[in-house]
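Asks: Given only the sequences and the hints, what does the whole structure look like? Please build it.
Chains as they are written, first to last, in numbering that gives the first Met the number 0: chain A, 0 to 278; chain C, 0 to 288.
Note that these hints are calculated values from the structure, not bench results.
So, partial list: chain C residues that the calculated Cβ filter (under 7 Å) puts toward chain A:
id: 1; residue: Arg46
id: 2; residue: Ala48
id: 3; residue: Thr104
id: 4; residue: Thr111
id: 5; residue: Gly112
id: 6; residue: Gly115
id: 7; residue: Val118
id: 8; residue: Ala119
id: 9; residue: Cys123
id: 10; residue: Val210
id: 11; residue: Ala214
id: 12; residue: Ile218
id: 13; residue: Leu265
From the three backbone atoms N, C-alpha and C, an ideal C-beta is built for every residue, glycine too.
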Amino acid sequence: MPAWANFLGAPWFWNATALVAVSAVLCALIGVFLIYRRMSLLSDAISHAILPGVVLGYLLGGFSAAAFVSGAVAAGLLCVACIGLLVRYTRLKEDAAMGVVFSAMFAAGIVMLSLLRGVDLDPGCVVYGEPLAAKPESLELSLGALLVVLGLLAVAYRPLLIATFDPVFAKLVGVPERLIHIILLGAVALATVAALRAVGIVLAVAFFITPGATAALFCRHMGSVLWVAALIAAGESLVGMVLAVAWNVSPSGLIATLGLGLFLSILLWQRVQTGNRLA
Amino acid sequence: MADDPAWWALTSDVLTLRYDFMRHSLIGTMLVGAACGLLGCFIILRRLALFGDALGHAVLPGVMLGYLWGGKAFFAIFAGAVVTGLMAAALVGWIPRASRHRSDTAIGIVFTGFFGAGVALLSCYQMGTSGVTTFLFGRALAIGPSEVVHAAWMLAGVVLFLTLAYRPMVWMTFDPVGAVAQGVPVGALTGILMVALTGTVVVSLPIVGAVLVVALLVIPGATAYLLVDRLAPMFLIAAIVGAVSSLGGLLLSHMFAWASGAAMVLAAAFCFVMALMWNLSRRKYACLG
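Replies: Right, here's the structure in full:
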């Protein structure tokens with residue numbers, strides 16, 4: 000093994016890679032539904048808005064997964080509720096309402112963090128994640144979240160599909176559309192907090208949206224989109240972690256860049272194949 | 000806190016602008032706040048809020064490359080930011096035409112990819128953690144005279160642009176089709192608006208940082224939009240809200256040791272909530288009367 004690759008034999012590398020890969024698959028599975036439900040940017044807003052909830056959860060409940068998750072889910076739902084109320088009761092459009100609410104909540108979280116010096120949640124980690132510095136509990140949290148999401152998919156796959164692609168039919172056959180929407184919003188908050196160590200808040204959207212969007216370029220069936228998105232997420236995590244440690248750069252930043260690169264390469268290749276280069 | 004004499008001494012130092020650095024950061028942030036507020040009106044009216052967010056993130060790799068190649072020269076940073084900002088904008092426009100994805104998905108893919116590249120570059124050239132957090136969260140208290148000059152030029156440029164191109168911009172904003180039909184150079188004006196936005200984002204980066212720049216662009220404009228129905232007062236109010244919330248945030252940051260960029264955003268959010276309450280109460284009485 001060449002000298003630069005010595006880290007491939009080290010357990011800390013594989014622990015961190017497992018954390019990133021589990022978090023990436025978790026986000027990618029939820030993200031597929033976000034894309035088809037036109038919630039791509041709402042997930043951006045939610046992932047920013049969980050920050051004050053996470054800090055409050057820490058203040059009230061200490062360093063425990065339950066405190067982080069409940070704070071995050073509460074803050075995420077509050078953010079969506081505020082956006083909905085602003086759109087309904089003022090003449091602000093949805094994009095402006097989202098911009099106002101999530102940036103204000105994120106700023107509140109940053110202020111709260113800046114007051115809690117010496118806490119195990121530093122602003123850098125919040126923005127771009129630090130998987131190499133993660134503790135084993137982080138992997139347990141993201142594995143648990145992945146199991147919850149897989150369980151949800153197993154139990155409610157068909158209602159989720161119907162509610163996503165044909166809301167009218169969903170209403171007709173009695174699928175609880177509203178409940179599914181709220182569960183999905185909660186899942187976004189859960190996934191963001193579970194992936195916080197690996198991914199960070201600002202880059203969370205890259206992990207939610209990009210693998211599913213890449214898979215959707217060439218898959219025609221929802222089941223295959225989910226499988227391919229999970230595979231892409233895991234593969235990008237592995238390649239990204241190896242390169243990031245070899246080059247000593249930020250893993251989540253590199254993985255987000257790789258994701259954009261893969262998406263653009265496939266899209267460009269498809270355009271060239273069909274002889275439709277510009278449109 | 001309030002019964003600590005040292006705290007009162009510090010606060011009075013702040014309020015009386017005793018120190019040079021305080022004067023620089025106050026003037027610089029107020030100029031940037033006003034410029035962001037003015038451009039923010041167009042962002043609100045043309046529904047570009049999420050595009051503004053994306054732009055704030057997408058300029059990061061360009062800022063980094065300009066910083067690495069051109070030293071700290073403002074022009075190099077600005078040029079890098081304009082290049083990556085326009086590249087990102089072009090990709091966001093191209094992806095929905097080339098695939099079945101909608102533009103919100105395209106924004107999500109592109110801006111995170113660019114921002115990730117910027118974060119990777121930042122971590123690659125370890126400019127110390129302070130360098131990293133300066134670009135990501137801003138450090139309003141660390142800005143110097145040169146940043147103040149850049150902010151002043153940027154505000155002057157924005158005001159000049161608005162004065163010269165006021166009528167065509169208004170036309171283009173409210174009636175894009177009619178404006179094209181009447182020969183208004185919509186493409187050129189949109190290009191200038193994009194470059195002005197990118198420039199404003201670049202001068203805001205050292206002050207509020209890439210992650211929160213969207214707040215300075217959106218919140219003052221949204222506040223003014225809730226208060227008035229005409230465009231000229233909307234510009235005026237947005238600029239004032241931008242400047243005043245920058246000032247207020249800086250004072251909060253000084254007095255309570257809050258992160259400065261986030262404190263400015265919270266001050267702006269406070270103005271927004273006040274405007275919202277006024278707006279809602281006025282509507283209630285209008286219904287009753």
